[in-house]
Amino acid sequence: MPDKIVILKAMGLAAAIAAFVVLLTGLPWRLPRWRLATAGGVAGAALGFGVGCWWLDIKADWPRTLLRPFRALCCWWLGTSADWPPKEAMDWLLLVILPAIVGVELFGAAIGKVRWPVWLLRALLAAIAGRIVLDNSVYIADLSGPGSRQWDQTLTLKILAGLAAALTFVWAALLLLLRRPGGRAVPFAVAGTCAAAGATVMFSGYATGAGQLGLPLGAAIAGAFIASLLLAGQRTTGGVVSFGVVVLFSYLVVGYYFADLTLRNAALLFFAPLACWLPELPVIRRLPVYMRANLGIALTVVPVVIALYLAHEKFVADSAAKSSTGTEDISPEDYMNFGK
Amino acid sequence: MRKRLTGCLVAVFVAFMAAGPARAADDYTIDPVHSGVYFKIQHLGLSNVFGRFNEFSGTFSVDPSDASKCSFAMSIKTTSVDTGNAGRDKHLRSPDFFNDKQFPTIEFKSTAVKPVKDGYEVTGNLTMHGETKPITFTLTGGKKAEMKGVTRTGFTTELVLKRTDFGVGANVPPATLGEEVQIAIGIEGTKK
Numbered sequence: 000m001p002d003k004i005v006i007l008k009a010m011g012l013a014a015a016i017a018a019f020v021v022l023l024t025g026l027p028w029r030l031p032r033w034r035l036a037t038a039g040g041v042a043g044a045a046l047g048f049g050v051g052c053w054w055l056d057i058k059a060d061w062p063r064t065l066l067r068p069f070r071a072l073c074c075w076w077l078g079t080s081a082d083w084p085p086k087e088a089m090d091w092l093l094l095v096i097l098p099a100i101v102g103v104e105l106f107g108a109a110i111g112k113v114r115w116p117v118w119l120l121r122a123l124l125a126a127i128a129g130r131i132v133l134d135n136s137v138y139i140a141d142l143s144g145p146g147s148r149q150w151d152q153t154l155t156l157k158i159l160a161g162l163a164a165a166l167t168f169v170w171a172a173l174l175l176l177l178r179r180p181g182g183r184a185v186p187f188a189v190a191g192t193c194a195a196a197g198a199t200v201m202f203s204g205y206a207t208g209a210g211q212l213g214l215p216l217g218a219a220i221a222g223a224f225i226a227s228l229l230l231a232g233q234r235t236t237g238g239v240v241s242f243g244v245v246v247l248f249s250y251l252v253v254g255y256y257f258a259d260l261t262l263r264n265a266a267l268l269f270f271a272p273l274a275c276w277l278p279e280l281p282v283i284r285r286l287p288v289y290m291r292a293n294l295g296i297a298l299t300v301v302p303v304v305i306a307l308y309l310a311h312e313k314f315v316a317d318s319a320a321k322s323s324t325g326t327e328d329i330s331p332e333d334y335m336n337f338g339k
Numbered sequence: 000m001r002k003r004l005t006g007c008l009v010a011v012f013v014a015f016m017a018a019g020p021a022r023a024a025d026d027y028t029i030d031p032v033h034s035g036v037y038f039k040i041q042h043l044g045l046s047n048v049f050g051r052f053n054e055f056s057g058t059f060s061v062d063p064s065d066a067s068k069c070s071f072a073m074s075i076k077t078t079s080v081d082t083g084n085a086g087r088d089k090h091l092r093s094p095d096f097f098n099d100k101q102f103p104t105i106e107f108k109s110t111a112v113k114p115v116k117d118g119y120e121v122t123g124n125l126t127m128h129g130e131t132k133p134i135t136f137t138l139t140g141g142k143k144a145e146m147k148g149v150t151r152t153g154f155t156t157e158l159v160l161k162r163t164d165f166g167v168g169a170n171v172p173p174a175t176l177g178e179e180v181q182i183a184i185g186i187e188g189t190k191k
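Protein chains in written order, with numbering that gives the first Met the number 0: chain A, 0 to 339; chain B, 0 to 191.
Calculated directly from the structure, the hints in this document are not laboratory data.
Do not rely on the hints blindly, as some may be mistaken.
Which bits of chain A does chain B cover? Going by a derived footprint, with three or more residues having C-beta under 8 Å, they are [what the hints assert, rightly or not]:
| # | region |
| --- | --- |
| 1 | 85-95 |
| 2 | 114-124 |
| 3 | 133-142 |
| 4 | 275-282 |
From the three backbone atoms N, C-alpha and C, an ideal C-beta is built for every residue, glycine too.
Between the sequences and the hints, there should be enough to build the whole structure, so can you do that?
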């Protein structure tokens, strides 16, 4: 694993920047302007996430000509070099999906109470997110010559439809839960799941570079959520949750299809935040709101810890196979810190 | 005078016939059984880790009289990387290194060939991990042999590449894994 101190600093930076933006756009805190605060939540989470990635030296390939003016502004954030279309799946996530979800949620904050246009955009993004991440991969492209793609057209449609359905279901369910009193735990559950997903993907053979992406993501969402608790009145975390769910989904798709993340762990992580719905069952609903919220977080922790544990055990087993007999196991962290 | 002119014409005709028709380059297909792609890279600055690619294919054309008609092309499957350790090979195929799900092959195609002592100097484009860069190396060999009606020829080369130039293991510190990768390739081709 990469340096733990560097990772913790990146996460702290991500959370602090997200919180700062939320508090800034939430002024005055006793009577925040709902639309601005909502937009601030999304922008804060995105900016915190971006700065966290920059701290971890996670670079994406920028288009050389199409976004040249924008590149000058953003190259300090994510690094330079330019190829279009993006080279790897993580580049698609950072260059296309991330701006798309930020744009959709900022649009949602801007249009106010008319919700159907933003739901239409969310449905569209959910439908194509999986396809975007899998672009130019051995699954759907003839990279090794004609007919070499692994999925035929029918299988491709089935898998992409399944991914779209899963994302739509989880996304809608969590936003619906946010409207209920017990739904205040949702942003925290999503934040924790994102951070755990980061560690799980790193244990699953994507330890360096963009493999660490889940950690600043979780920290940024947590920072935005905690700051939003200081704002009085209407909850403004819908955009933050949407941002987290879509990026988490894309990240897990990359981990499963390109790294060694198992389907079981990917499913455990992606559906874990839905555990926040369990305290809404008829019997448990009688409990006080704060107890239901805490119970929701506790229930989310269960599948997350299981996934993390299974990934860690597999990682330890694989590392033992790589090291020579009679010597102490050398971890990737030992490698990354060698010579420092 | 007439006899001298006739003699000159005959000499020219004979010389023309002796030259024969223009020769085309010989086309060969790489025989993977008698060819190999090997590499070594420094580990912790102490010694080298050795590996190879087990699956590759390619073609080349050789015209000993005109090097400009020679060409070389090769495709190596990144999924076939083999360092003798299954866990390490799986990690090499992951997005941390070759990312075989997005870049399943390493491709080389020559753009210029010129003759040198005992072989050819070949310049071409190497595409690896989504990056295409020009490289130049010297191929030594070119002798022919015939066995069971099949003509064979072969070449060897050694070259050094920087893995970071192609984004392979870009986040792995050089102190852990050397930046330079030494590569040795031997190709034997068959012509029908």
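Okay, the hints, checked on the actual structure:
no.	hint	in the structure
1	85-95	holds (count 4)
2	114-124	violated (count 0)
3	133-142	holds (count 5)
4	275-282	violated (count 0)
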